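Peer 1: Sequence:
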Amino acid sequence: MKILTDIARYLVGGLFIFSGLIKINDPVGTAIKLEEYFAVFAGDIAPFFSIFEPYALVIGIFLNVLEVVLGIALIIKWRVKFTITLLSILIVFFTFLTFYSAYFNKVTDCGCFGDAIKLTPWESFTKDVILLVLIGFLLIFRNKIKDSTFAAKNIIIICVTALSVLLCIYAIRHLPFIDFRAYKVGVNIPEAMTAKESPKFQYTFEKEGETIKSYQYLTEKEGYKLVSHEITNPDISTPKITDFAVWNESGDKTKEMLSGKKLWIIAYNIEEASTEGLIDINSLISRLPGDITPIILTSSSAEGVLKVKAERGLTPDFYYGDATVLKTIIRSNPGLVLVEDGTVLAKWHYNDVPDPSDLSELLR
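Just so you know, we're using the working numbering here: the sequence shown kicks off at 46 and counts up by one.
Hints in this document: simulated from the structure, not taken from any laboratory. No false leads were slipped in.
What follows is a set of in silico ranges between Cβ atoms, one per label pair, in the way DEER data are often shown: (1) I203 with N314: 34 to 42 Å; (2) T264 with N150: 29 to 37 Å; (3) E406 with P244: 39 to 47 Å; (4) W292 with E356: 19 to 27 Å; (5) R409 with D280: 30 to 38 Å.
Small disclaimer: the values here were computed from a predicted structure and weren't measured. We put the beta carbon where it would ideally sit given N, CA and C, even for glycine.
Whenever a hint applies, use it, and build me the whole structure from the sequences.
Peer 2: Given below as structure tokens:
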């Protein structure tokens with residue numbers, strides 16, 4: 046039994062540590078996902094869920110840090126009964142979220158592993174069911190798992206908690222340490238918007254009670270009845286980016302936005318954008334090399350943009366983009382993205398506004 050409990054302990058602990066670290070890398074992304082859940086629950090279950098939306102970032106940090114700390118605690122056997130009880134509560138909560146996403150098709154990406162590993166809703170639910178079984182096993186036999194006598198275990202828990210919180214704060218005040226998203230530095234957006242291959246289909250037919258799979262479409266005249274079909278090359282037949290679009294009152298400007306040297310000033314909600322950040326960015330704009338065109342990308346209303354432009358003395362033209370896409374491009378409001386002919390060269394949080402010489406160096 047000890048071998049089985051140890052295997053379950055290391056599997057659960059390791060997975061919680063991995064999941065938590067991935068999300069500590071991008072706590073703003075976790076907050077965005079929680080906001081989606083709260084909005085869905087407010088509409089489908091009870092309106093009071095909407096009160097949690099303004100606190101999504103704080104709740105996200107708490108959950109991310111808790112995952113890592115509980116994972117470490119389980120592995121080093123720190124207060125085992127208390128740790129397993131908390132893990133049980135947490136996995137029941139996560140299993141409910143993933144089941145709701147899968148069954149009702151509401152939040153199609155649970156964000157279990159951030160943007161590093163994408164799981165379908167049913168894959169996420171299956172993963173949580175497996176964890177639920179493992180943690181349930183540990184809960185049943187928790188009395189057989191003795192607390193570690195390791196003297197420094199309390200210090201380890203305190204240090205892990207403090208370090209996890211500090212990493213979250215750093216990622217919020219700057220940018221994620223590792224960018225797993227489709228718009229990371231080095232990506233050519235026009236290429237990422239194009240599929241490498243056309244979809245290839247495999248068809249399933251029935252004929253005279255026999256099931257037949259074929260890559261060619263067989264007709265009913267030949268006695269075949271189509272049962273189902275699937276794409277056999279989804280990874281290369283689906284573009285990495287499917288939702289990028291930019292427009293203004295005169296129409297679509299996507300192609301224009303992906304040509305030449307552009308400095309995107311992304312403020313998905315410009316009225317809530319950091320005032321100090323806009324001041325620093327405006328100072329940069331006034332000193333930009335002439336071959337770089339600054340552009341404001343936002344999902345705010347024209348009235349809101351014009352008001353902020355007047356208050357901050359911002360001169361660049363502004364264009365619209367989907368809020369979710371803009372949040373995906375950069376986890377900063379406002380944030381800067383340097384793009385040359387559609388290739389992302391660099392990104393900056395508003396706390397790290399670069400010098401004009403840094404931009405020129407990147408464009409050489």
